[in-house]
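**Student:** Below are the chains, spelled out letter by letter.
There are 4 protein chains.
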Amino acid sequence: MGLKTPEQYKSSLRDGRTVFYRGEKVPDVTAHPVIGLAVKHAALDYHMAEDPKYRDLAVVKEGGSEYSRYYLLPRNADDLRKRSDLIAAATREGETLVVLIKEIGTDALYALTMTADRMAKAGKTEYKDRVAKFYQHCRDNDLAVCVAQTDVKGDRSLGPTQQDHPDYYVRIVEERPDGIVVSGAKVHTSVAPNSHEIIVLPTRAMRAEDKAYAVAFAIPVNTPGVKLIASPHGGNKNNEFEHPITARHKMMETLTVFDNVFVPKERVFLQGEIDFAGLLALTFVRFHRFTAVSYKLPLLEMLAGAGFAAAEANGISKAAHVRDKLTHLAAYHTTVRGLIEHAASTCTIEEGIAVPNTLITNVAKYHFAHNYHQAVQIVQDLAGGLLVTAPAYEDLTSEATRGYVMKYMGGAKGFDAEKRLRLLNLISDLTSSDYGGYQEVLAVHAEGGFEAEKLQAYREYDFKTVSAYAKKVAGV
Amino acid sequence: MGLKTPEQYKSSLRDGRTVFYRGEKVPDVTAHPVIGLAVKHAALDYHMAEDPKYRDLAVVKEGGSEYSRYYLLPRNADDLRKRSDLIAAATREGETLVVLIKEIGTDALYALTMTADRMAKAGKTEYKDRVAKFYQHCRDNDLAVCVAQTDVKGDRSLGPTQQDHPDYYVRIVEERPDGIVVSGAKVHTSVAPNSHEIIVLPTRAMRAEDKAYAVAFAIPVNTPGVKLIASPHGGNKNNEFEHPITARHKMMETLTVFDNVFVPKERVFLQGEIDFAGLLALTFVRFHRFTAVSYKLPLLEMLAGAGFAAAEANGISKAAHVRDKLTHLAAYHTTVRGLIEHAASTCTIEEGIAVPNTLITNVAKYHFAHNYHQAVQIVQDLAGGLLVTAPAYEDLTSEATRGYVMKYMGGAKGFDAEKRLRLLNLISDLTSSDYGGYQEVLAVHAEGGFEAEKLQAYREYDFKTVSAYAKKVAGV
Amino acid sequence: MGLKTPEQYKSSLRDGRTVFYRGEKVPDVTAHPVIGLAVKHAALDYHMAEDPKYRDLAVVKEGGSEYSRYYLLPRNADDLRKRSDLIAAATREGETLVVLIKEIGTDALYALTMTADRMAKAGKTEYKDRVAKFYQHCRDNDLAVCVAQTDVKGDRSLGPTQQDHPDYYVRIVEERPDGIVVSGAKVHTSVAPNSHEIIVLPTRAMRAEDKAYAVAFAIPVNTPGVKLIASPHGGNKNNEFEHPITARHKMMETLTVFDNVFVPKERVFLQGEIDFAGLLALTFVRFHRFTAVSYKLPLLEMLAGAGFAAAEANGISKAAHVRDKLTHLAAYHTTVRGLIEHAASTCTIEEGIAVPNTLITNVAKYHFAHNYHQAVQIVQDLAGGLLVTAPAYEDLTSEATRGYVMKYMGGAKGFDAEKRLRLLNLISDLTSSDYGGYQEVLAVHAEGGFEAEKLQAYREYDFKTVSAYAKKVAGV
Amino acid sequence: MGLKTPEQYKSSLRDGRTVFYRGEKVPDVTAHPVIGLAVKHAALDYHMAEDPKYRDLAVVKEGGSEYSRYYLLPRNADDLRKRSDLIAAATREGETLVVLIKEIGTDALYALTMTADRMAKAGKTEYKDRVAKFYQHCRDNDLAVCVAQTDVKGDRSLGPTQQDHPDYYVRIVEERPDGIVVSGAKVHTSVAPNSHEIIVLPTRAMRAEDKAYAVAFAIPVNTPGVKLIASPHGGNKNNEFEHPITARHKMMETLTVFDNVFVPKERVFLQGEIDFAGLLALTFVRFHRFTAVSYKLPLLEMLAGAGFAAAEANGISKAAHVRDKLTHLAAYHTTVRGLIEHAASTCTIEEGIAVPNTLITNVAKYHFAHNYHQAVQIVQDLAGGLLVTAPAYEDLTSEATRGYVMKYMGGAKGFDAEKRLRLLNLISDLTSSDYGGYQEVLAVHAEGGFEAEKLQAYREYDFKTVSAYAKKVAGV
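Protein chains in written order, with this note's numbering: chain A, 339 to 814; chain B, 339 to 814; chain C, 339 to 814; chain D, 339 to 814.
Since the hints were derived computationally from the structure, they do not count as laboratory data. Careful: at least some of the hints might be erroneous.
All copies of an identical chain are treated as equivalent in the list; a pair is satisfied when it fits inside any one copy or across any two copies.
Claimed, not checked - DSBU-like cross-link-like pairs, simulated, lysine-lysine; straight-line CA separation at most 30 Å:
{"no.": "1", "residue 1": "Lys-462", "residue 2": "Lys-391"}
{"no.": "2", "residue 1": "Lys-802", "residue 2": "Lys-603"}
{"no.": "3", "residue 1": "Lys-802", "residue 2": "Lys-663"}
{"no.": "4", "residue 1": "Lys-391", "residue 2": "Lys-420"}
{"no.": "5", "residue 1": "Lys-745", "residue 2": "Lys-802"}
{"no.": "6", "residue 1": "Lys-656", "residue 2": "Lys-751"}
{"no.": "7", "residue 1": "Lys-399", "residue 2": "Lys-663"}
{"no.": "8", "residue 1": "Lys-466", "residue 2": "Lys-363"}
{"no.": "9", "residue 1": "Lys-810", "residue 2": "Lys-459"}
{"no.": "10", "residue 1": "Lys-757", "residue 2": "Lys-471"}
{"no.": "11", "residue 1": "Lys-420", "residue 2": "Lys-751"}
{"no.": "12", "residue 1": "Lys-466", "residue 2": "Lys-810"}
{"no.": "13", "residue 1": "Lys-363", "residue 2": "Lys-391"}
{"no.": "14", "residue 1": "Lys-420", "residue 2": "Lys-549"}
{"no.": "15", "residue 1": "Lys-378", "residue 2": "Lys-603"}
{"no.": "16", "residue 1": "Lys-663", "residue 2": "Lys-466"}
{"no.": "17", "residue 1": "Lys-757", "residue 2": "Lys-466"}
{"no.": "18", "residue 1": "Lys-420", "residue 2": "Lys-810"}
{"no.": "19", "residue 1": "Lys-378", "residue 2": "Lys-363"}
{"no.": "20", "residue 1": "Lys-802", "residue 2": "Lys-420"}
{"no.": "21", "residue 1": "Lys-363", "residue 2": "Lys-802"}
{"no.": "22", "residue 1": "Lys-656", "residue 2": "Lys-745"}
Keep in mind the model is a prediction, meaning the values are calculated, not measured.
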């Protein structure tokens, strides 16, 4: 018990789990050319806990024991701020790619803790203790935990029971005295292949007929019947010169199939209580959007920073339109950062837990998501067409071509061809490649899409007070 | 000495000041049909100090004496937050129109205090005491103070000395042992006709040849040679039904002429120190943009609130596109409010004074200003064409027409014709009238225009750190 | 019979019509201080027909007779182009305000003609001849014709029969052998007080239960029971210096009440044929949005032109951000103009009549409407705060102030104070005043609001072909 | 002489040309795994000429001979419209990727023809005949011709002679009686590895000191000293299921080095005439932006079509926000298409050649470029997160996973898992992958970036007329 080392983390993933990559079962995720990179990336979390530079931020001491700060239940604004800082710091180490192996799992654990508390108050007392024990298990074993929430959904205009197939939302297919059996599948499960545990949450509020779908639980990734089908998007780009980010960092998403999986009772956290399915889903999201905006900050720093550096390298940093565009990037970053910091500062304490200001968090997410593509456009504009037409790494090393490339790819003073190409390749990797597309799609869809953020913001905003003000002034 | 009553405020304005309205000298500003309304509006400030609801917010007790909170030099984030709250509360009382008779003057006083401190440290010791005494004078007499900063400028591509006329920027025309004589004119001087004192600040940094233009001072409005030429924009709309805001509230701007005005030495705060002209101008703006965003909040509340109420009155509040538009208004308001609150929370302490976070303040202002017209568009969209085609107040009272109007102008349940028209008239007054245009132009130009905000944001943003991050990841 | 002179037009309006302004019946619309200005503005149409500069464009010769080009049924692209040019030329004469007294009426006449043709083909033969006769009557008498289409609607989420009051949509209250009796009211009826005839069209498609609401007809404005309640918005601004546009030009909108109005049979064009109500409404809009975009062109020319001139006057035309903003205005104008010209060129011929390309017309309108407020923002930005803080006309003429104003309001070379103020006042009148608000609301709501344009564009766009292309490439 | 077959095209590329890919010289471009795909893609042009479906559009008969329509000098609007249609049709065959092997070359040939004509009129008579002969050579041999225009530029804030290295712009290093020797390099040269000829144009206007840089010429790709260093961006994605577009289509860009290349006199088209360098560069762009917008149309069709199909597949096509987003895509496509068609219709005839309306062409390009990223955002929004998290092709074929994938990836009625994934993979390939980034960067930079389009639009727009209008109305 206690903090895991990076090596312990890696070796603990060799546990017989069922992961498929391009149709083949992966015998050892740590040794796989693509998933292995994701493991290495995720291990950043364990490295940071050992790194003196991050130790105070990454590790909490309580009594005689130490545990990862992610596992600290936030009690006040400062806890939230430190959590946000840690998430940002880890993503900065990940060179714009979030680590996520504890971030998302603890968001779910907070939500389960709060919901179990509410259920206990409503007379459903069995879950509170189960959740607490699972929480301690994860914390004390310093586990990597992923969350499977988004059901495959089939026809999105239909509810769980109206689908062609009853398994389009994960459901309970059998209730036994010692547990439940579940079937169905979830999509977009990030970091599943390199996590220890999977927490399963409902994706939406449920109606009376959806009782079998009101289910939440947690199981080890290697539980029989759990099949992870990994997405090949992005593949591996093992050329650090051309792909400085993605040659070193990777996150995996899976189609996560539950093929008649048995979940023991002590790991079941919701079993048919339809009134709490929506609350649990929503509470998770209240924490998770705060996490999301926190881990977007290094990405926005990078857009502003890379845009600025590219302008320098190209010799255009004095042009008025360039300053205008850089200011836009600066304002974008500052707005998102300012709002998320403010969301922490103005948190509410519910069931003893500090919840980030939900309205402001959603507005921060909305601002981030709606403006991301435009920011990409600006950075691409500042960097130039070489983003997609520059020579290869091998052109810089081959005798036949090196001379030409070094001569002709040079930029403004201080930026020889290699430096300039490295910068442009960074931007290409970040914005004009598979990873660029990945980040765009994440901006639009991760942690709930545009419409989800807008709905939440609409609900949280105090229209009552402001419309009363309007009516008063109108004399109505 | 001490707090003024509203009546004392009004009577104190009958002091022989030279104010022109439509070419005629106004004998008594408090009795003028248009300026008198501005006086009444400004008196809100003195009313609030007497109102138990606002007393704690509006008045500070220090030792045995009391003074207006505006005159409190902010020492920490909480002082800034309360100041912001007070400014917003006063504007809310002003039904979206800022009161401003102390807000702007104290912004200038803070800037003068800080700049005089810096000048003293640089060996120019005479100003510090002068500023302090003037500060006490204003505070102890509970004065209304306006600020004249923007010079008329002539050809804006030219500096002060390059203009066709040397008076296109206010300048010292004579230096005497007992003071200076100044000439020139300032534009956009808000609340000048109903203030006690005018503070004059330079509008920009000055170069060596601009010595005569590096000048700051304060004088009573009724000083000989000071001529205020009031703008007629908006005029008076004395129909509360059709113009619920502007029939009750008004702010005056003037072309403020200094025709060989003598300023006694103790009221001179900058006299040729070109190195401090830019600093003074900028320091004022650092406080004033914070004030500006604070007083915009009730306007944004009103847009969201009136949009929501109009949607209800028209029976469209359930439509998906309407919710989308309302969410946009909510996010707009929340973003600006969140940022300005955060700017207070993350203030810096300089020369012992709490300065709102300059980067965040400018980004808040930028966000407000760039999105205002679109918010207006949305509210006009939700309200409908009756904003500019509705019947008149007299159509509701005339026997011949009242029946038709009451019958046909009715809206959704709970909104009879009168109520609905009152709401729509509020929105018309706010967005589709002289006052609507006034607010749009203010959004674009007041407290420095778009380019000024952008320049400031560009300078304050930490491009160095973020571009170092980009270079590190790029391996440069 | 034949073309009317401006004087004949004016005198023909003294016909006992019932028009209310601010609750009082107007004895003679041509002599009223506000409505009289609208009459004078509308007379531009008759002046143009006499003006050698416009005669070829404004008047059509057919056989031995001449009539206004508005009354030419368009048979090909060139007819549409000339019509568009005429509408734009008249609005240019109206200094950005559309004349509309024949534009809108002929849009309705085209739609009635086409719909009656379709009805005849479907066996309802009586209307075709009635419409043709009414058409000839209007053309041969050179009449001014307004269109009342938008019902008051009450709760917009409810249909005609679900409202609190059955008259919230205009309906037939009695069917007689010689005609029908109608009741109800329409809003936003432009140019009604100075038209000869009112054409009434249904506002939407009707369902089976809405039979009484499926009604279209035309009657003289002075028909008993027709009551026009004029909107006071904008009032009269009779100061040409401060309000160069609105001191000379005015359009009136009314609440148009039908209080048990008898319509003789030969003037009834739809009487319960619910299947044709929607078609008629839509066909009108197909022509009317083309008219709308045509008359917006001078407004967009003015925004670009005034923005450019203001930049010159202020001495900022060389600044990079200014060029960028001017380019935006130029692109905005060019896009809208290019699309509407293209809509004429790619018209379809239906029932022998040239109908502007509906998809492109709606997209042009959408582009115009969505970007109008932003264009206003840019022009206000270029012009400066004097839009709302400049001195009055009387300050330029009064001895006491003239010297100061002439001295200090001067701008860049070639722009003395008077010239600069005239330019800024033009922009203030256009964008930052009652008229500015009027134009903004028109942009959003006139000729169907945002959602109407979008719906039409969605329906007209060929999603079938493009999605087949996508599926083919996808191999589906 | 006459039309080439696809096979003749391919074999003609085995001519000893010097092309490097990842540092290695490519012995046969048609056999290379990546460049070979580009050859196959380019061969579409020759296939279309043989395809009865396209023959009339693709081939022109003149006298007894036939040649590719691209080589027809446009004489009127109809020629431009057909050219635009052909470009769009070819790109549609290329499944959103332009073919370009004749499009760009003929743009340059038109520009050379017009410029040589102007030079002849100015007394420089030698070029006209040379250009005409080269034109015939290309046309009669049905050649693929690329254009190298953008110099590497070094520090973009400096002119050609101010750079660290004199070769940062291509220049004449020696003038001989029989020709010239040139050195330097161009970037972003599209289709160079699979073209027959390279036309070199100056990238900008030149000043007196830039005489050596005022150079234009054409040479075969296999000329000694010409070295093409191909960009590896995108590589090859040979999985048609996951990459339906890029597994079948590819375009290559090169860094095109001229290492002391001798150009015979008859192939030199500009040699030191600095006054014509800017004109030539600009004239090329006037044609090439028209080409550019023409070939973007299939891309915009695809965005709208794929967005629509994805909405169907996901079962969300009835949601209000989805319709709104689809309407936006439709309006975007329609605006760009309408404008470019209108640019053809309103062409000017200069030197006997039809030039597309330059203002409208630039505004069309500006509209396309500024809104592209937002359109991508919408399509990604409609498609969902599976764009970057879907299973692999092999997961559909492997026994172990196929059952799960087929079961869980199903969508709305009519879209089983395979169909849905094919559609989503199309969108992923198009928007969220290397190719997605490529298209984004092209939108921003190809055929001149944002600032180039804006500058051109600013210059072409008639500010004089519109500001005269403003001044007239203002009474100035």
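**Student:** None of the hints should be skipped; say for each whether it holds.
**Tutor:** Results of checking the hints against the structure:
1. Lys-462 with Lys-391: Intra 44 Å, inter 45 Å, cutoff 30 Å: neither.
2. Lys-802 with Lys-603: Intra 44 Å, inter 52 Å, cutoff 30 Å: neither.
3. Lys-802 with Lys-663: between (38 Å within a copy, 16 Å between copies)
4. Lys-391 with Lys-420: within (15 Å within a copy, 38 Å between copies)
5. Lys-745 with Lys-802: Between copies only: 28 Å across chains, 66 Å inside a chain, cut-off 30 Å.
6. Lys-656 with Lys-751: Result: close both inside a copy and across copies, 14 Å intra and 29 Å inter.
7. Lys-399 with Lys-663: neither (45 Å within a copy, 48 Å between copies)
8. Lys-466 with Lys-363: neither (37 Å within a copy, 68 Å between copies)
9. Lys-810 with Lys-459: For Lys-810 and Lys-459, the Cα distance exceeds 30 Å both inside one copy (40 Å) and across copies (52 Å).
10. Lys-757 with Lys-471: neither (52 Å within a copy, 44 Å between copies)
11. Lys-420 with Lys-751: neither (40 Å within a copy, 48 Å between copies)
12. Lys-466 with Lys-810: neither (47 Å within a copy, 46 Å between copies)
13. Lys-363 with Lys-391: Neither: 39 Å inside a chain and 48 Å across chains, both beyond 30 Å.
14. Lys-420 with Lys-549: Neither. Shortest intra-copy (39 Å) and inter-copy (50 Å) distances fail the 30 Å Cα cut-off.
15. Lys-378 with Lys-603: Result: close neither inside a copy nor across copies, 34 Å intra and 60 Å inter.
16. Lys-663 with Lys-466: Neither way: Lys-663 and Lys-466 sit 51 Å apart in one copy and 41 Å across, limit 30 Å.
17. Lys-757 with Lys-466: neither (56 Å within a copy, 44 Å between copies)
18. Lys-420 with Lys-810: Between. Shortest inter-copy distance 24 Å satisfies the 30 Å Cα cut-off; intra-copy 42 Å does not.
19. Lys-378 with Lys-363: Classified as within: same-chain Cα gap 20 Å, cross-chain 36 Å, threshold 30 Å.
20. Lys-802 with Lys-420: between (34 Å within a copy, 24 Å between copies)
21. Lys-363 with Lys-802: So Lys-363 and Lys-802 fail the 30 Å test inside a copy (56 Å) and across (41 Å) alike.
22. Lys-656 with Lys-745: within (24 Å within a copy, 36 Å between copies)
In the structure shown, a violation is registered for the earlier hints numbered 1, 2, 7, 8, 9, 10, 11, 12, 13, 14, 15, 16, 17, 21, in ascending order.
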